[in-house]
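Number of protein chains: 2
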Amino acid sequence: MLYSTLLGKTKKEAPKDETSLNAQLLIRGGFVQKEMAGAYIYMPLGLKVLEKLTQIIREEIEAIEGQEVLMTTLQNPETWKKTGRWDDRVVDVWFKSKLATGADVGLANTHEEPLTELLTKYVQSYKDLPLYIFQFQNKLRNELRAKSGLLRAREFIMKDLYSFNRSEEELNAFYELAKQAYYNIFNRAGIGDSTYITFASGGAFSKFSHEYQTTCETGEDTIYLDREKRIAINKEVYFDDVIEDLGLDKNSLEEVKAIEVGNIFKLKTRFSEPLGLTYTDEDGTEKPVYMGSYGIGLGRLMATIVELCNDEKGIIWPENVAPYRFHILGLNLDDPEVKEKADNVYATLLEGSVEVLYDDRMDVSAGEKFSDADLIGIPYRVVISKKTGNQLEIKKRNEANSEILTIEEFQKLAGS
Amino acid sequence: MLYSTLLGKTKKEAPKDETSLNAQLLIRGGFVQKEMAGAYIYMPLGLKVLEKLTQIIREEIEAIEGQEVLMTTLQNPETWKKTGRWDDRVVDVWFKSKLATGADVGLANTHEEPLTELLTKYVQSYKDLPLYIFQFQNKLRNELRAKSGLLRAREFIMKDLYSFNRSEEELNAFYELAKQAYYNIFNRAGIGDSTYITFASGGAFSKFSHEYQTTCETGEDTIYLDREKRIAINKEVYFDDVIEDLGLDKNSLEEVKAIEVGNIFKLKTRFSEPLGLTYTDEDGTEKPVYMGSYGIGLGRLMATIVELCNDEKGIIWPENVAPYRFHILGLNLDDPEVKEKADNVYATLLEGSVEVLYDDRMDVSAGEKFSDADLIGIPYRVVISKKTGNQLEIKKRNEANSEILTIEEFQKLAGS
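For the record, the sequence lines run as chains A and B. Plus 1 on top of the position in the first sequence (first one is 1) and you've got this note's numbering. Plus 1 on top of the position in the second sequence (first one is 1) and you've got this note's numbering.
Certain hints may be false.
Result set (PhoX-like, lysine-lysine): computed pairs, CA atoms no more than 20 Å apart in a straight line [stated by the list, open to error]:
1. B:Lys-97 with A:Lys-97
2. B:Lys-128 with A:Lys-35
3. B:Lys-99 with A:Lys-99
4. A:Lys-13 with B:Lys-97
5. A:Lys-99 with B:Lys-12
6. B:Lys-269 with B:Lys-208
7. B:Lys-387 with A:Lys-13
8. B:Lys-82 with A:Lys-35
9. A:Lys-17 with B:Lys-208
10. B:Lys-10 with A:Lys-122
11. B:Lys-99 with B:Lys-122
12. A:Lys-83 with B:Lys-35
13. A:Lys-99 with B:Lys-10
14. A:Lys-122 with B:Lys-35
15. B:Lys-208 with A:Lys-10
16. A:Lys-17 with A:Lys-35
17. A:Lys-128 with B:Lys-12
18. B:Lys-12 with A:Lys-35
19. B:Lys-83 with A:Lys-128
20. A:Lys-122 with A:Lys-97
One side only, chain B facing chain A, incomplete, derived with CB under 8 Å [said to hold, decoys possible]:
21. Glu-144
22. Thr-219
23. Val-243
The hints are simulated quantities; they were obtained by calculation from the structure and are not laboratory data. Heads up, the beta-carbon is just placed ideally off N, CA and C, and yes, glycines get one too.
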């Protein structure tokens, strides 16, 4: 991509009402822009990061037999009344509207109910199970105060996976597979080292749910972490009996701030029973389906990466989720010889399908290009200038030292 | 994909209130399911078709310098008031709701206003133009009567592209490029031969807009078509002066039914002026940006393909948009030798990244597998049975005759 024509160039300032680091850096870097409090537009650079995250998650969820669907935003109140969750006193983040016919309609904030109802059309026998269904879908949540940038938005894309099993044992076995898939996802997204499985409240139906908490000074949550065992307890269930239950020692637990980047729940029969999702087992008896749900908010994940991976100059994207791998800075482009070299390197990388952003702007100083590159945070900065001649200077975003390579050496390294 | 575990197996009957052929076939085939009138869930098979269409459109729009973004569903009323389109008497398909704070909020039915406003943050100089911005985004339209299945839905994914140019001449030049991109899209989607550019009303700001109309007996629109010149006139502007203007002869025009699969408009300064999207030109004067908009509804495109490409047995997907390329039917799978052969062919195709659906069900008759395959409409049906021995039978969905190949010949053909 040519930076000169890209929609979403860097900005010196973020909007004054954005106090969170993630929104400030993402807006200044040209990744997102604000539509209103809690609703962010993905600009071309931000959409590239979103697609990288989506693909990582898709691969890991498909590896545990997930099948992808796409549910609707418009929601039928009758489905939600069956579980009691149409009531604003039970679910307090509904956006509701009216059909032109005058009937009520909901805008999706989650999808347990409609997916459970959908499955009643397809599940009759034990042979129809298990099923693991996921989607990447927009959720609308009417938060009273949207805050913390993309960490707590009113509109966000979520990967939500739901498991449908024949028994609690089967649910438990899949739940362990999902845990491993979640570790893989956070590892591949570059935040695995700082992300810990955390015991949290299980609500009315399970003793615990599990959160994935990424330790970060700016986090809203407080967790008690055993770093060695890589297990944490959320403050909400930090009680002596829980600590003992989990075989942890209070003296090894460290109080730290963290951001919840994922959560997984055993729903058991909470939704299948009121919605009539049952199956006929091998012995001819009718049984309820055992369910689990497994969520990751993609904007929140992106924001967490930014909160964790930055310095005073800007973002430092982990390689797997960066919008591009290389950021070529062409300096002294008014010199036709330099311009030709930089253009050629860019063209060669493109031909080799290497992901590359090329700052080809003519009317911008070297200093501005350097600081834009640091703000945007692409893993490898490549400088081509009058000074570099037939060579070029390559530097990793998170390292201080640069290296001089010939253009041929670089092209070989880049795999083009 | 193993058909035995797929969510969304075929159904004998569509819901009684679905009178359109597209919804009947897509629901019976397991491609979509109905959430409510005008809102359809994409099941795994349907999502595969949607992704194929998305990728074709993305490639063609990127080829004319389109940059992809993702706007929000939540809409700020203030933006829409500036163009007068917040008013329900002007736009009669709004879904509106309230923020928890009590303020009004809109749910997006289109994106001219928010995108134009977004661009005011990035466009100042003639150097910032042109820009061609597109997205694949969910639209919510509060139609009084949702009808015709996926052809006129209340919720649907649209590819909307908007062009931003310095002058009317530049807009006109891009408009011609977009026309060619649209031809390419419909050709690749398999309906190019039946799709005609059609002159339609341009509203208040242009003489004409252009629709892409696919001729089809079940179409809602009436067009007057010159088959030789591949040009049509929509009934709404079928007047003597228009016919003359376009250099057409009334005697060569044939009245036919058609489905609108795309439309393109010159918006000129309709949105840039009220929203203040201007730029400073080379001569220092401030000028309004010239805009165009270019839409394709993806569900409608899928539905049009189904309305056009079917026979009494089911869907006949064009190869480029089919959910899978091959549909292996394993018959006599209770014979371990046959099962091993079929399993091996499937595994070999998977290893070669060939798109394949494998009907591995044990408890289903050969007749049922054949009729399911015809209903689902995958281009190549591959039968492996006791009778076929070390060979297999391959048949194209739209041809009567089958061919016998050795397993090796088939694997070579499939590229695995």
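*Violated hints - listed by number, lowest first*: Going through the list in order, the structure violates hints 2, 4, 5, 7, 9, 11, 13, 15, 18, 19, 20, 22 and 23 and respects the others.
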